[in-house]
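J.: With chain A held as given, fit chain B onto it using these hints.
2 protein chains.
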Amino acid sequence: MRKIEEANAETLKRMLAGDPVLVDCIPAHEAIPALKPGMILHAGPPVEWERMCGPMRGAITGIAVYQGWASDLTDAEKKAAGGQFRFEPNHHHGAVGPMTGMTTVSQPLLVVENRAFGNRAYCAINEGLGKVMRFGGNDAEVLGRLAWLRDELGPALGRGLRDMGGIPLKAVIARGLSMGDEMHQRNIACSSLLLRLLAPALARTTGDAKVLERCLDFIGRNDQFFLNVGMPMAKSITDPARGIAGSSIVTAMSRNGTEFGIRVSGTGDRWFTAPVEMPVGLYFPGFGEKDANPDMGDSAIVETVGLGGFAMAAAPAVVGFVGAGPASEAANFTRLMGEIAVGTNPEWTIPSLDYAGVPTGIDIRRVVETQIAPTINTGIAHRKPGVGQVGAGVVKAPLACFENALVAFAETMGVA
Amino acid sequence: MRKIEEANAETLKRMLAGDPVLVDCIPAHEAIPALKPGMILHAGPPVEWERMCGPMRGAITGIAVYQGWASDLTDAEKKAAGGQFRFEPNHHHGAVGPMTGMTTVSQPLLVVENRAFGNRAYCAINEGLGKVMRFGGNDAEVLGRLAWLRDELGPALGRGLRDMGGIPLKAVIARGLSMGDEMHQRNIACSSLLLRLLAPALARTTGDAKVLERCLDFIGRNDQFFLNVGMPMAKSITDPARGIAGSSIVTAMSRNGTEFGIRVSGTGDRWFTAPVEMPVGLYFPGFGEKDANPDMGDSAIVETVGLGGFAMAAAPAVVGFVGAGPASEAANFTRLMGEIAVGTNPEWTIPSLDYAGVPTGIDIRRVVETQIAPTINTGIAHRKPGVGQVGAGVVKAPLACFENALVAFAETMGVA
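Residue numbers (the working numbering), protein chains in the order written: chain A, 1 to 416; chain B, 1 to 416.
Isolated chain A, as found in the complex:
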């Protein structure tokens, strides 16, 4: 037990010591040299075409057309089923992506560097709300937007970020927590703060006023723009906490729409999976539970570092948005998550809780013992390909992941 406490203390220390800085935006093939044409990285633990859910398949076919690897969606589907694409998890390449989480060679990726440890993490640019590829959208509008991100916004962000020397993210998130964001389903504060920091650099480095206007307008209209910054931020600070012998702390939670997977520090890069659950939430007009795809996306990496559902107390307004009860009960979610976390983050605090830090470092032993599953705030995709987002809600990480992980963890500790 002493060994586990010490190992967990080291894991938490590394997570809290992270110094994530948004430093660049570059094409995926430059960020991840192992990423080759025909390869498609996706959210969650490994999954083959046959077991992929509707929106994941929708995104796969869409991204194949966007990349020019298929003439149309039907052709893309045939090629996907015929084994012509190689599927791997984002997490295996230092990347993350919300919902379907498509990452392919020519997409621009935001780069977060953890300056305390020197590692980097990557994420594509957030596309906005509604019919978008991360929710399974794949029509001409969706692909056209991806092309614009590649040709105009991505390069502009890269120029601006390099010119200004990057944006330290810890302070942005600390402010966001005092402004009603939990950084998963509510990112309006951090998105606005980020634009405020970026705008002068974009003005300085974007030669064309029309391009600048389009970039400022696109970022400014997207309340979730920061989600795709917060995710690689979280990935960049959890990665150095991986592989610490004897540590029972979760280093990743992720879903591919079919399975939920977790990784634990002491068991290295192994995934412990279970079928994903269905989010409970609120639906956009015209949609309901029958339309919903089960839980999906790498975005639960933010809960892994104490944000999202763990920081619900900071964001009373998100409680109603995700249909989780009265706004005044936001604090209860954070208190409950405190039961399964080994510590709190003294730099990320919640004013309404008199500046208590967000619960950080999920201990699989506590989850199994208390049967309290991590609460994740999430978007809800339509279960069919090509439709898009239909709502937002709250979902539980399946306890079976933690139970399986605990068995394997016990084996590493020499317990049968």
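Read the hints as simulated data drawn from the structure, not as lab findings. Among the hints, a few may not be true.
[What the hints assert, rightly or not] List time: in silico DSS-like cross-link candidates among lysine-lysine, alpha-carbon distance up to 30 angstroms:
id, chain 1, residue 1, chain 2, residue 2
1, B, K210, A, K210
2, B, K131, B, K36
3, A, K131, B, K170
4, A, K170, B, K131
T.: Chain B in isolation, oriented as in the chain A frame:
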């Protein structure tokens, strides 16, 4: 009594029906034709040079030099004492200004139009924090910044706002309340949201990239930028509520650093004054109570419409900043202000109170009956001219203003 209730219902109805839109930024002499060279508008009820506090005198001498009406501060002081400038309250000209509240011919003024009633209200551009004229600063750095606001930022804001057709403010404030702003001592959310809305228009209408960069940078570094938008917004929605016979609702609260003044709808434009109180708060390093000037500024107009101290529950982080106790007690301030308000604003709600509206419409009868004084969140100026801001705190409106107003109000109702 029935007549008063009906009159108060009409007053509240007009305040809630306001549709304030930030439409322009223009030179003060265009906004206020009655404003002539040699005239200096100031915060609060009327006050002559002899009774002006230190920072007010500091600002007067500074603005006289800025306008070219004096060769230096000493010359300006001599001229001010010699009666060569004409002093009038901002409120007498449809304007407001935070702290000392200087308004003179060549300063650029933000213009808020209340589209439901057609009236306009004006306020100078916020200068940022620290040594600034609104806190009595008057050196070359302060005057240079004012010149830049006049020559570069003001015209750029005007071009951008006109081009985009203005920014409706009610929705911005509603979002700000869900993002931890109370719109008096905490404006970071609304300042960021405003920049987000403005930036594309500024990019479209500012020809010079260097100018654009400076404007975006200046707005982006100033967490209180929105204060000077929220104030004329509040003025624009209280002005149509003035002069309703039989209404006991406060239409303005304002301080000149010497006296606190209120106006009541049923007693028209008459000021009811009492000596200002000293804020209780927190001081910047190196300063303390002995340095503090008493309460000052037109900014209490935001409390008049239910923001600032009345909306404290929305902004737990401001409670610590103004030294008003534990952040978790923010809701108590809002609940207490509910005791002296005739209604709530259904469009400006506070998530953590399960979307209760901010208390709106201060009834002088309730203030006198309960002896609960309006709570105002405020900045604290150094009592000497030329120093600047030394802290932030909470101050009470003096009960004597309300007692005097009630006597006069009773007379209008035929009660001896």
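J.: Taking the hints in turn, state whether each one holds.
T.: Structure-based check of all given hints:
At roughly 16 angstroms between alpha-carbon atoms, K210 of chain B and K210 of chain A fall within 30 angstroms of each other, so this suggested pair holds. Simply put, K131 of chain B and K36 of chain B have alpha-carbon atoms about 27 angstroms apart, close enough for the 30 angstroms limit, and the pair holds. Among the hinted pairs, K131 of chain A with K170 of chain B is consistent with the structure: their alpha-carbon atoms are about 29 angstroms apart, no more than 30 angstroms. For a cut-off of 30 angstroms, the pair hint linking K170 of chain A to K131 of chain B stands: about 29 angstroms separates their Cα positions.
Checked against the numbered hints given earlier, the structure satisfies every one of them.
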